[in-house]
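Novice: Just so you know, the protein sequences line up as chains A, B and C, in that order.
To get this note's numbering, take the position in the first sequence, counting from 1, and add 107.
To get this note's numbering, take the position in the second sequence, counting from 1, and add 36.
To get this note's numbering, take the position in the third sequence, counting from 1, and add 14.
Treat the hints loosely; a few may be bogus.
Derived DMTMM-like pairs: lysine to aspartate or glutamate, alpha-carbon spacing no greater than 20 Å straight-line [to be verified]:
1) B:51 <-> C:87
2) B:262 <-> A:185
3) B:76 <-> B:90
4) C:23 <-> B:229
5) B:160 <-> B:136
6) B:220 <-> C:91
7) B:248 <-> B:90
8) C:23 <-> A:184
9) C:23 <-> B:224
10) C:23 <-> B:225
11) C:23 <-> B:117
12) B:76 <-> B:117
13) B:262 <-> A:184
14) C:23 <-> B:268
Okay, the calculated beta carbon distance ranges per label pair [stated by the list, open to error]:
15) A:203 <-> C:47: 42 to 50 Å
16) B:156 <-> C:105: 53 to 61 Å
17) C:37 <-> B:214: 33 to 41 Å
Pulled a few chain C residues facing chain B out of the computed Cβ check, cut under 7 Å [claimed, not checked]:
18) 21
19) 90
20) 91
21) 121
22) 125
Simulated from the structure, these hints should not be mistaken for lab results.
Even for Gly, the Cβ is constructed at its ideal location relative to N, Cα and C.
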Amino acid sequence: MTPPDQRLDASGDRLASQIPETSARDIALVHRPVFLNLMRIQLPVGALTSIGHRISGVVLIASVPIAVYLLGLSLGDEAGFLQVKALFTRFAVKAAALVMIWALAQHVLGGVRHLLTDFDIGSPLRVARRSAWFVNLAAVAVALFAAGALW
Amino acid sequence: MKLSISRYDPERDAKPFLQDYEIDLVATDHMLLDVLLRVKAQDNTLSFRRSCREGVCGSDAMNINGRNGLACITRVRELREPVVIRPLPGFPIIRDLFVDMTQFFKQYDSIKPYLVNPEPPPEKERLQSPAERDKLNGAYECILCACCSSQCPSYWWNPDKFVGPAGLIQAYRFIFDSRDRATKERLDDLDNDPYRLFRCRTIMNCAEVCPKGLEPVGAIERIRLKIAGVTDPVGALDVHPPISPR
Amino acid sequence: MRTRFTGLKAWWVQRVSAVYMLLFVLFLLYSFALQPLRAFSQWHAWMARPVTSVAFLVFFTALLGHMWVGMRDVLLDYARPAALRQVLLFASAFGLLGLGVWLLWILLRLQG
Numbered sequence: 108m109t110p111p112d113q114r115l116d117a118s119g120d121r122l123a124s125q126i127p128e129t130s131a132r133d134i135a136l137v138h139r140p141v142f143l144n145l146m147r148i149q150l151p152v153g154a155l156t157s158i159g160h161r162i163s164g165v166v167l168i169a170s171v172p173i174a175v176y177l178l179g180l181s182l183g184d185e186a187g188f189l190q191v192k193a194l195f196t197r198f199a200v201k202a203a204a205l206v207m208i209w210a211l212a213q214h215v216l217g218g219v220r221h222l223l224t225d226f227d228i229g230s231p232l233r234v235a236r237r238s239a240w241f242v243n244l245a246a247v248a249v250a251l252f253a254a255g256a257l258w
Numbered sequence: 037m038k039l040s041i042s043r044y045d046p047e048r049d050a051k052p053f054l055q056d057y058e059i060d061l062v063a064t065d066h067m068l069l070d071v072l073l074r075v076k077a078q079d080n081t082l083s084f085r086r087s088c089r090e091g092v093c094g095s096d097a098m099n100i101n102g103r104n105g106l107a108c109i110t111r112v113r114e115l116r117e118p119v120v121i122r123p124l125p126g127f128p129i130i131r132d133l134f135v136d137m138t139q140f141f142k143q144y145d146s147i148k149p150y151l152v153n154p155e156p157p158p159e160k161e162r163l164q165s166p167a168e169r170d171k172l173n174g175a176y177e178c179i180l181c182a183c184c185s186s187q188c189p190s191y192w193w194n195p196d197k198f199v200g201p202a203g204l205i206q207a208y209r210f211i212f213d214s215r216d217r218a219t220k221e222r223l224d225d226l227d228n229d230p231y232r233l234f235r236c237r238t239i240m241n242c243a244e245v246c247p248k249g250l251e252p253v254g255a256i257e258r259i260r261l262k263i264a265g266v267t268d269p270v271g272a273l274d275v276h277p278p279i280s281p282r
Numbered sequence: 015m016r017t018r019f020t021g022l023k024a025w026w027v028q029r030v031s032a033v034y035m036l037l038f039v040l041f042l043l044y045s046f047a048l049q050p051l052r053a054f055s056q057w058h059a060w061m062a063r064p065v066t067s068v069a070f071l072v073f074f075t076a077l078l079g080h081m082w083v084g085m086r087d088v089l090l091d092y093a094r095p096a097a098l099r100q101v102l103l104f105a106s107a108f109g110l111l112g113l114g115v116w117l118l119w120i121l122l123r124l125q126g
């Protein structure tokens with residue numbers, strides 16, 4: 108236990124950590140509601156980019172086993188290779204591929220934005236908002252371009 | 037002007053609900069706090085914190101039309117109607133717009149918000165060059181209003197483990213203070229587990245809503261780079277003109 | 015929480031693997047734009063080249079490492095209580111190991 112005089116603030120009041128544990132615990136024991144309705148909380152563009160980055164990440168994780176299977180199939184023998192090629196003529200497969208391409212674009216572009224801000228490039232808010240818009244729109248653009256290429 | 041304000045009396049209500057109010061604006065109503073005080077004159081059971089009425093104490097932080105801000109510096113005529121006022125997201129609601137700040141201050145306290153310097157004090161001050169002092173600009177102005185932490189999704193999911201943008205910008209303020217001698221301990225404390233600092237995903241909600249225009253995300257980035265041993269930043273943190281709720 | 019894979023180490027793995035994968039994917043897109051795949055023999059021969067196989071091996075390592083940090087982040091954020099989180103983390107690690115073994119088998123089979 109620290110000596111009392113080292114944990115006083117400038118005006119001589121006790122700091123929050125010195126409040127006896129019982130009062131913090133008492134507060135915790137009482138049920139208190141929390142406002143966390145995401146439909147009612149504003150999500151700025153950076154938040155949308157971040158949500159997109161996380162969702163696209165999860166989509167990509169789910170698609171890796173499928174991609175590995177297709178890789179194995181296409182490298183196994185001639186028949187397997189042709190099977191994979193044939194798969195990509197089906198509408199359902201093309202649609203799934205489109206979602207994965209969007210996910211890849213959103214994740215990679217968002218990731219590059221993160222890499223840059225990590226190293227202090229484009230980190231002030233004004234600049235970061237613009238780059239967030241760019242990432243969101245560019246990912247959709249890539250998806251539209253891919254749709255054109257697939258069909 | 038129409039307002040919808042979140043009400044909750046723990047002794048009567050099962051959960052918070054929105055109550056509508058109507059106020060005729062007069063010429064002297066400039067900020068949302070002016071209007072809230074007139075609402076309270078109409079219905080004095082409405083409770084909210086307020087003090088300095090000039091944006092420096094941080095008491096009247098609340099969620100205004102979905103975006104956190106200080107009621108006393110939010111221009112009331114620029115707000116979409118009905119103005120929906122709710123308590124800070126993610127914080128336990130004690131009553132109406134009063135939230136429990138215990139967890140928030142515990143996180144603040146955990147980063148040791150005081151100068152640690154065991155060297156014998158000099159005759160006058162512990163000197164700092166202008167360049168050294170400049171590093172604190174953009175961090176020391178934090179008023180601990182909790183607008184940032186309560187708009188941060190990472191803080192919503194783990195308020196007991198992630199320090200949050202407010203605590204971290206204060207951690208920055210001491211890590212980069214040239215007079216402090218506990219830098220290594222401060223950095224180790226933030227790196228030791230995957231939650232304290234590294235939950236930050238650079239979502240940047242904190243910078244968006246800070247009523248003082250500060251950017252905790254920039255402070256966190258600098259701390260990360262220092263932990264990684266990559267760079268030692270120079271100059272002040274980025275700031276921007278604050279963006280009010282609309 | 016294990017302190018071995020601290021915040022900083024995870025962060026570096028995520029960033030370094032991302033950079034390698036980005037460069038690799040750009041290189042792949044460039045190669046396939048120049049020489050689109052037509053036949054199985056062409057595809058198989060190209061993948062079986064030691065240079066390609068090793069480059070892909072490094073890529074898969076980076077991918078699995080990157081996936082691990084990502085999955086861990088999502089679980090650390092949302093999974094509770096702590097016991098469930100540990101179980102899910104182990105299950106993810108196990109799944110990724112399985113993927114790694116599968117990929118290694120695919121690459122080794124090329125040489126056979």
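Novice: A separate judgement is required for each hint: does it hold in the structure or not?
Specialist: To see whether the hints hold, each was checked on the structure:
At roughly 32 Å between alpha-carbon atoms, residue 51 (chain B) and residue 87 (chain C) are farther apart than 20 Å, so this suggested pair is violated. Using a Cα cut-off of 20 Å, the hinted pair residue 262 (chain B) and residue 185 (chain A) is violated, with the two alpha carbons roughly 53 Å apart. Between residue 76 (chain B) and residue 90 (chain B), the direct Cα distance comes to roughly 19 Å. Compliance with the 20 Å bound is thereby established for this hinted pair. Of the pairs offered as hints, the one joining residue 23 (chain C) and residue 229 (chain B) holds, with about 11 Å between alpha carbons and a cut-off of 20 Å not exceeded.
Distance restraint check for residue 160 (chain B) and residue 136 (chain B): the Cα-Cα separation of roughly 40 Å exceeds the 20 Å cut-off, and the hinted pair is therefore not satisfied. Taken as a hint, the residue 220 (chain B) and residue 91 (chain C) pair is broken in the structure, with Cα atoms around 27 Å apart against an allowance of 20 Å. A distance of roughly 12 Å separates the Cα atoms of residue 248 (chain B) and residue 90 (chain B); the hinted pair therefore holds under the 20 Å criterion. For the hint linking residue 23 (chain C) to residue 184 (chain A), the alpha-carbon distance of about 40 Å lies beyond 20 Å, and the restraint is violated.
For a cut-off of 20 Å, the pair hint linking residue 23 (chain C) to residue 224 (chain B) stands: about 13 Å separates their Cα positions. Restraint check for residue 23 (chain C) and residue 225 (chain B): satisfied, since their Cα atoms lie roughly 15 Å apart, inside the 20 Å limit. Simply put, residue 23 (chain C) and residue 117 (chain B) have alpha-carbon atoms about 48 Å apart, too far for the 20 Å limit, and the pair is violated. For the suggested pair residue 76 (chain B) and residue 117 (chain B), the alpha carbons sit about 19 Å apart, so the restraint of at most 20 Å is met.
For the suggested pair residue 262 (chain B) and residue 184 (chain A), the alpha carbons sit about 52 Å apart, so the restraint of at most 20 Å is broken. For the given pair, residue 23 (chain C) sits about 19 Å from residue 268 (chain B) by alpha-carbon distance, which is consistent with the 20 Å threshold. The beta-carbon spacing between residue 203 (chain A) and residue 47 (chain C), approximately 23 Å, falls outside the hinted interval of 42 to 50 Å. Distance hint check: the CB atoms of residue 156 (chain B) and residue 105 (chain C) are about 56 Å apart, consistent with the given range 53 to 61 Å.
Checking the proposed 33 to 41 Å range against residue 37 (chain C) and residue 214 (chain B) shows it holds: the Cβ atoms sit about 39 Å from each other. Hint status for residue 21 (chain C) relative to chain B: holds, with the closest Cβ pair at about 3 Å, below 7 Å. With its C-beta approaching chain B no nearer than about 6 Å, residue 90 (chain C) sits inside the 7 Å limit, and its interface hint holds. The interface hint given for residue 91 (chain C) is met, as the beta carbon of that residue sits about 5 Å from the closest beta carbon of chain B, less than 7 Å.
A cut of 7 Å between beta carbons decides the hint on residue 121 (chain C): the least distance to chain B is about 32 Å, and the hint is violated. A hinted interface residue such as residue 125 (chain C) counts as satisfied when its beta carbon comes closer than 7 Å to some beta carbon of chain B; here the least separation is about 39 Å, so the hint is violated.
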